[in-house]
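Chemist: Read off the chains here:
2 protein chains.
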Amino acid sequence: MSKDNRFKINLLEVAKAAGVSKMTASRVLRNASGFSQATRERVLREVERLGYVPNRIAATFGSDETSTIIGVSAPYLSSSLFGAVLDATNLALAKFGYQTMIGSHENRPETEEMWVRNILSWRPAGLILSAHQHTRATRELIKQHGIPVAEIWNLNTSPLDLSIGFNHADCGFEMGQYVIGRGHTRIGYVGADADAPGPGALRRQGFEAALATAGLKFAAIEVLNDRPGFYPGFYGTETLLHRAKTLDCIYYQDDAMAIGGYYYCKSQGLSIPSDIGIAGWGNIEAASVLPQRLTTTIISTEALGRAAAIALIKRIRGEPVDDVTITPTRLAPGNTV
Amino acid sequence: MSKDNRFKINLLEVAKAAGVSKMTASRVLRNASGFSQATRERVLREVERLGYVPNRIAATFGSDETSTIIGVSAPYLSSSLFGAVLDATNLALAKFGYQTMIGSHENRPETEEMWVRNILSWRPAGLILSAHQHTRATRELIKQHGIPVAEIWNLNTSPLDLSIGFNHADCGFEMGQYVIGRGHTRIGYVGADADAPGPGALRRQGFEAALATAGLKFAAIEVLNDRPGFYPGFYGTETLLHRAKTLDCIYYQDDAMAIGGYYYCKSQGLSIPSDIGIAGWGNIEAASVLPQRLTTTIISTEALGRAAAIALIKRIRGEPVDDVTITPTRLAPGNTV
DNA sequence: CTTGTGTGCGTTACCGGTAACGCACTAGAC
DNA sequence: GTCTAGTGCGTTACCGGTAACGCACACAAG
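These protein sequence lines map, in sequence, to chains A and B. Residue numbers 1 to 337, in my numbering, belong to the letters of the first sequence in order. Residue numbers 1 to 337, in my numbering, belong to the letters of the second sequence in order.
Take the hints with a grain of salt, since some may be wrong.
Same chains, same label: a pair holds when it works inside one copy or across any pair of copies.
[To be verified] Heads up, simulated DSSO-like pairs for lysine-lysine below, C-alpha to C-alpha not over 30 Å straight-line: (1) K245 with K217; (2) K217 with K266; (3) K22 with K8; (4) K143 with K245; (5) K8 with K143; (6) K22 with K143; (7) K95 with K143; (8) K314 with K95; (9) K266 with K245; (10) K266 with K8; (11) K245 with K314.
Derived from the structure by calculation, the hints contain no laboratory data. Being a predicted model, the structure only gives us computed values, none of them experimental.
Use the sequences and the hints to build the structure in full.
Modeler: This is the structure we're talking about:
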């Protein structure tokens with residue numbers, strides 16, 4: 001760790017070996033102007049020969065700019081849905097020479113705040129935040145430092161800076177209309193994250209709004225104090241159906257839960273959708289092997305991640321960007337409703 | 001980005017406001033010794049009042065040490081299995097004051113090499129690598145800079161530095177023995193990642209070794225040129241069973257594929273395990289809602305991630321560590337074989 | 001009263017780059 | 001032949017911290 005032989009070759013060594021000044025070597029490596037082709041070749045040859053590894057810490061420090069680090073906050077890294085977003089942002093940001101520092105907040109604004117405090121000490125060029133809401137302190141930290149920020153996943157119509165996301169309420173509303181149109185009237189809901197309501201709650205509310213237009217309400221609701229998943233969907237459905245035996249359709253927080261619910265219903269000998277309808281959100285790959293095509297909302301996590309990265313980079317560069325970008329979603333009728 | 005009012009408050013401002021030297025303020029903030037309680041309070045008060053955000057770039061640069069960054073490479077961020085590893089490492093490393101910079105290599109050693117080159121320019125305190133093998137250049141870069149490295153996921157008995165992982169060959173061997181013991185003899189295999197064989201191939205080889213001890217071989221193998229997943233498991237099984245109609249068991253690269261295969265078999269009216277046995281690896285949550293308990297290998301991605309983080313930190317600090325750490329796995333018999 | 005040992009702090013130099021500036025030299029315009 | 005503009009490069013100062021060192025002062029031991 002200390003000043004032993006690690007990374008002993010610095011720009012000065014390279015410059016001396018190439019017979020130029022440190023500054024000229026720096027210019028060559030940054031592809032700035034002010035050097036001849038011959039000099040360039042000599043410097044690059046020495047870089048290669050000596051195995052020089054640039055020092056971004058020093059480079060960032062030396063220029064008065066922010067680093068090329070972008071802080072990205074995710075709810076969990078173990079979510080494949082969100083992981084696809086991270087893959088897409090990582091890829092897009094890397095293409096423009098940025099590195100990401102990823103943290104997870106587990107849907108808790110306070111955890112996100114701690115992470116933001118920490119990440120700011122790396123003088124990032126921008127942040128991508130995914131918590132559905134932020135603490136006052138988080139908002140102030142960001143405002144105070146005037147750092148570009150993209151809020152993602154959840155669309156925020158009055159964002160801190162930029163917002164790129166899905167219109168969850170619309171997803172729920174659209175699905176609600178669809179379910180009603182299919183003739184269902186005794187509709188239940190199974191969700192999770194009771195302690196930290198996120199965008200899933202918005203979808204539920206959108207769905208409820210659609211129900212209201214038809215003079216309906218949810219007949220029963222089960223929101224688990226758990227992370228969404230296959231098994232929570234399974235036992236959440238079990239619980240719900242024990243309480244409300246006459247439901248004819250269930251809307252789920254997401255596809256994983258819907259699939260779990262699907263199998264619970266199957267295990268009880270129910271026919272889908274004639275006995276009970278099942279609707280999810282997210283179009284995850286696991287649904288592809290169900291005997292029926294799941295009724296769900298198709299989203300593109302990849303499009304979201306890329307759009308967020310591109311918008312943030314534009315903001316960082318001072319190019320014009322829309323403050324709010326909706327990532328389109330589409331209802332997939334399937335045949336489980 | 002440039003020297004506008006962002007982050008304008010530095011340690012000197014704080015020190016002046018507190019009526020001490022920059023050095024004393026630095027000592028207080030680093031909790032080093034050499035200041036009185038009264039001074040400490042004055043400094044901290046000004047830090048709070050002025051909203052000083054420490055500058056890790058400058059701090060890293062100022063000390064002759066490496067940064068507190070740990071580079072972590074993952075195959076994909078969209079894998080929930082690997083994501084759980086990342087969550088665990090992130091958590092453990094954060095606890096010790098390290099930040100992670102995560103990159104994905106998509107199982108391609110060359111991609112990992114590019115990422116390593118890049119990450120080294122941040123002068124990381126250590127690296128966690130997950131590619132099953134590394135290019136010669138990667139190995140040399142690491143050796144040259146003497147940077148602590150933990151290779152994870154795949155156990156490497158002669159690691160670059162540290163190895164923490166599952167013994168995939170053993171997992172395969174154990175499952176092979178189990179499957180044989182259950183009376184199966186015409187056994188097939190369905191895998192993926194044909195272009196970039198990873199630990200899945202090791203499990204297959206371990207399984208083959210078990211077959212060999214009983215004088216058996218795989219009756220048919222289908223390795224798809226695709227990432228593993230539910231649907232690849234589904235259609236891989238379809239392909240395999242069209243080629244080899246009399247199989248009585250299939251070993252899958254992982255659980256997602258096994259679940260896909262399970263549903264393909266079900267869709268063909270096959271009984272499991274009487275007509276055909278199904279075995280996977282990984283014990284993913286999606287299996288929890290199957291009508292049967294999947295025969296698989298239980299792994300703890302969380303244990304792996306934490307063990308890797310702790311071992312790496314010990315190495316960084318110069319404390320004694322085992323070079324090779326096996327993360328235990330356990331065969332779950334289930335009832336699909 | 002001297003000596004030794006901390007404690008609390010300031011001073012100075014430095015980390016490895018980059019920005020700003022200046023200067024010699026070249027080539028074309030007049 | 002002089003003027004001008006551009007090219008290629010070096011010099012100097014500086015980014016915001018930290019390490020190393022030194023020094024004044026307090027207090028205990030001899």
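Chemist: Reference check for the pair K266 and K8, CA-CA at most 30 Å: within, between, both, or neither?
Modeler: Classified as neither; 65 Å inside a copy, 62 Å across copies.
Chemist: At most 30 Å between alpha carbons: which applies to K245 and K217, within, between, both or neither?
Modeler: within (16 Å within a copy, 52 Å between copies)
Chemist: First find the shortest C-alpha distance between K266 and K245 inside one copy, then the shortest across copies, and answer within, between, both or neither for a cut-off of 30 Å.
Modeler: both (15 Å within a copy, 28 Å between copies)
Chemist: Is it within, between, both, or neither for K245 and K314, if the alpha carbons may be no more than 30 Å apart?
Modeler: neither (53 Å within a copy, 56 Å between copies)
Chemist: At most 30 Å between alpha carbons: which applies to K8 and K143, within, between, both or neither?
Modeler: Answer is between: at 14 Å across copies they meet the 30 Å cutoff, but 40 Å inside does not.
Chemist: Checking K22 and K8: alpha-carbon separation at most 30 Å within a copy, between copies, both or neither?
Modeler: both (15 Å within a copy, 29 Å between copies)
Chemist: State whether the alpha carbon distance between K314 and K95 is at most 30 Å within one copy, between copies, both, or neither.
Modeler: within (14 Å within a copy, 34 Å between copies)
Chemist: Is it within, between, both, or neither for K22 and K143, if the alpha carbons may be no more than 30 Å apart?
Modeler: This pair counts as between: shortest inter-copy Cα distance 27 Å, intra-copy 38 Å.
Chemist: First find the shortest C-alpha distance between K217 and K266 inside one copy, then the shortest across copies, and answer within, between, both or neither for a cut-off of 30 Å.
Modeler: Result: close within a single copy only, 25 Å intra versus 37 Å inter.
Chemist: Between the shortest in-copy and the shortest cross-copy C-alpha distance, which are at most 30 Å for K143 and K245: within, between, both, or neither?
Modeler: neither (51 Å within a copy, 65 Å between copies)
Chemist: Indicate which option fits the pair K95, K143 if close means a Cα-Cα distance not exceeding 30 Å: within, between, both or neither.
Modeler: both (27 Å within a copy, 27 Å between copies)
Of the numbered hints listed earlier, those contradicted by the structure are 4, 10, 11.
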